[in-house]
Structures are given as structure tokens and as C-alpha cells.
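Novice: Respectively, the protein sequence lines represent chains A and B. In terms of the numbering used here, the first sequence has 179 at position 148, counting the first letter as 1, and numbering is strictly consecutive. In terms of the numbering used here, the second sequence has 14 at position 11, counting the first letter as 1, and numbering is strictly consecutive.
In short, the hints are calculated from the structure, not lab data. Be aware that one or more of the hints could be misleading.
[Unchecked claim] To be clear about the criterion: a stretch of chain A counts as covered by chain B if any three or more of its residues have a C-beta under 8 Å from a C-beta of chain B, and this derived list gives those stretches: (1) 41 to 52; (2) 204 to 210.
[Stated by the list, open to error] Label pairs and their in silico Cβ distance ranges: (3) A:Asp-193 - B:Asp-44: 36 to 46 Å; (4) B:His-43 - A:Arg-196: 39 to 49 Å; (5) A:Phe-198 - B:His-43: 36 to 46 Å; (6) B:Thr-40 - A:Ala-144: 21 to 31 Å; (7) A:Arg-71 - B:Arg-46: 41 to 51 Å; (8) B:Thr-40 - A:Leu-126: 13 to 23 Å; (9) A:Asp-193 - B:Thr-40: 18 to 28 Å.
Note that the Cβ used here is the ideal one computed from N, Cα and C, for glycine as well.
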Amino acid sequence: MPLILCHSPKGGAGTSFVAAHLAMALAEAGHGATAIDMTRQDSLKLYFGLKPISEIPDLEAPENQGLTIGGVSLRQGWRATHAPAFADALDNGELPFSGGTFVVADIASDDAALRDQLLPHASLMVVPVSPTALGLAALTQVIPGTPLIDLDYTAFIINRLDETRRFARNAHSFLRELLGGKLIGSIHEDESVNEAAAMAKLLPAHAPASGALADIRTLAKTIAQVCAPPQAEEDAA
Amino acid sequence: MRKDVANLLAKLGKREFHYQEFADRFSDVELWPLFETLIHDPRILNAPPAEDNAEAAVTANAAPAPSPAATATLAAITPARPESETSGGEATPASKDLSNLFARYGGQNAEDAPGDVHALLQKLAQQIEQGKL
Ligand SMILES: Nc1ncnc2c1ncn2[C@@H]1O[C@H](COP(=O)(O)OP(=O)(O)O)[C@@H](O)[C@H]1O
Ligand SMILES: [Mg+2]
């Protein structure tokens, strides 16, 4: 049950986009995948071809009331993860996510409390970074108290990379040097991300040749490899 | 406004391998003032060298060495085949060493690696602090 947290200290970096498409790409690659929207904003569903008015099942709703789109079981977890019982359950080692699937959590940028609660249970935290001055400056805020380059179990992704922009290009090189193997890839700026949501369609259906989609599929392979449970590794060997 | 790395290195008067390699890799990159600010920021890169990093792991992972049985915890996840299968789209140093994600647990300390940019950036930061830059 690898739990993957998607969280960025900066809003608008594409955390929800990454969470949604990482889950879809994992499902496409044959893994079980659940995506949980843990934000109050409730916009993860827009990347699953749903409309703002659509409701997705609560994290604690029974399995037979589930909703699967693009191979991903989709859940709204804001209510449940902010209920007092959630912290108690975590303390007792009870996770509301089970089974052998990847669980991808979308955590709001200002919700450090939830991030800190879930981190001890996570296999990886994925941090999308926009290659802008403010995006880089926000890297000082990833986990207060620990220097960025000392963070374990943390992988960075540049999102909305446009190589025609000089600063973005330079920021990419800089982050590669600074973060080394912790920068696991980049996703290009791609207007079809916006268009697919505007059409209430899945990105793979709306724009199969999308550059951003190809990028996230590559990233999903890397992440699946990094998060593979020890048994899976032995089986493969 | 921007200083390029060649200028920085010229000022440092350094000709050592690490610095040279850094310059080569950065040859097409402008060093924006923000980049300098970030490498001096203790929240990005702690200036004191390796030893005290052992305690500095992310709060959530402050557990000792991972036990393979505790599969539900962070500490139990180890990188799968860290050295191989690097055929990702990112043909950069980024995909070369996934074990870097788990540096504090993977045995090899990132700071020990020759030519490692972290060591270099620390040196640069120290030089600047000492007014040598
Ligand atoms: N790779 C991309 N290319 C183009 N637009 C993107 C990309 N990733 C995200 N976006 C757009 O950026 C905005 C913010 O994305 P969102 O996923 O809501 O970020 P966050 O969850 O970090 O606030 C949205 O309008 C989204 O469509
Ligand atoms: Mg969001």
C-alpha cells in the first residue's frame, strides 16, 4: 500500500494535476491506484473529466459506492482526514487506505498539518515545483526545520516547464545540480491540460499526444520503481 | 546584474576538478541572484558539513535504520534497483541515482560522492561567507 503524498509549499504548482495524472499513469501501467483529494478546494476531480458540480465518494463511503475513472478509484478525503478521529486512527496505526494499490494523496499547499500527519506513513512525498522565481523561492518552505537537500523520501518534479523561457531553462539546470537524484523529472507546459478540464474530458482522451501526459507517464514509471514494496522487488529479481 | 559561473570561479581562483566540472555543466546557465540567495539559505543547504546531517533527516523519518518488516512505514521503503533501469525521459543526472532520494538510509552519503554539487555549493557558500568572494 505505498502512500504517495503530493504536496508543494506553493499553491498553483500543479499538485492536483500531478496527483491525478500520476494515479492515472500508475493505473495505466497495471498498478492498482486510488487518488484521494484531501483539499477543501475539491478540484482533483476536474482532471478526471468531472464537472465542478459532480460529487465524488467520501473516503469512508463503502467500497460498493466507489467511483473508478481512468482506472483510478477516486475519493474525497477532506472531511475524513480533518475529522478528529483521523489523527487518533493514524496514531493507532490504522490507515483508512488498504490493499495492494498505490494511494496518491493530493494535499493542499497550506495544509502542513495534514502533510506532517501523513508523512510517517508515506513511501514518498512528491513536490511539484514551477520553474519560476516564486516557485524556486518557495523551496525554502518545503519542510520547516530540515534543509531541503537533506530531505529523505522526497522527490521533486518541475511542472509547467517551457524551454523557450530563459529563466525556466536556467532554473531547470540549477535544480538539477542542487537536487541531483531528488529531481526525478519534469513536465512540460501544455495547454491541453487546461483544455481537457474545460471539456470535462480525461487528458489521455482529449489529447493523446500531449507532451505533459508523456512526461508524467515517464515519471510514474520512476515513482513505481522507487516505491516498489520490498516483496515486489524480490519477485522481480 | 547576473554573474555567470565562470566569473564566480575566476574570483574564487579555483582550478580544482570539482569547480571545473561545475563550470562545464553550468556553461550555458546564468547564475541569477536568486540562485545565489538560495544556496546561502540554511533552509536549502546547511553550511556545516556532513556529520550533523545524520540527525537532520526529515522529522517524519527520524526513526533509526528501517526494519524490512514494517512495510507500512516510510522507513521500510527502500529504493528498488537504484543503479539500474535509468531509462527515464529525463536524460540528466536526475535519473541516474534514485537512491539519492533515500540518501540518509542508502548507505552512500551524498556528500561523500566525488564531484558532488552539494559539497561544491557548500564550499561556495562558505567562501562567500568568509568574504573571499
Ligand atoms: N503541465 C501543465 N501545463 C499547463 N497547465 C498546467 C500544467 N499543470 C498544471 N496546469 C494548470 O495550472 C493550474 C494549477 O494547477 P493545479 O493542479 O490546480 O495546481 P495546485 O493543486 O498546485 O494548486 C491549473 O489551471 C492547471 O490546469
Ligand atoms: Mg490543488
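Novice: Any hints from earlier that this structure breaks? Give me their numbers in increasing order, please.
Specialist: 1, 3, 4, 5, 7, 8
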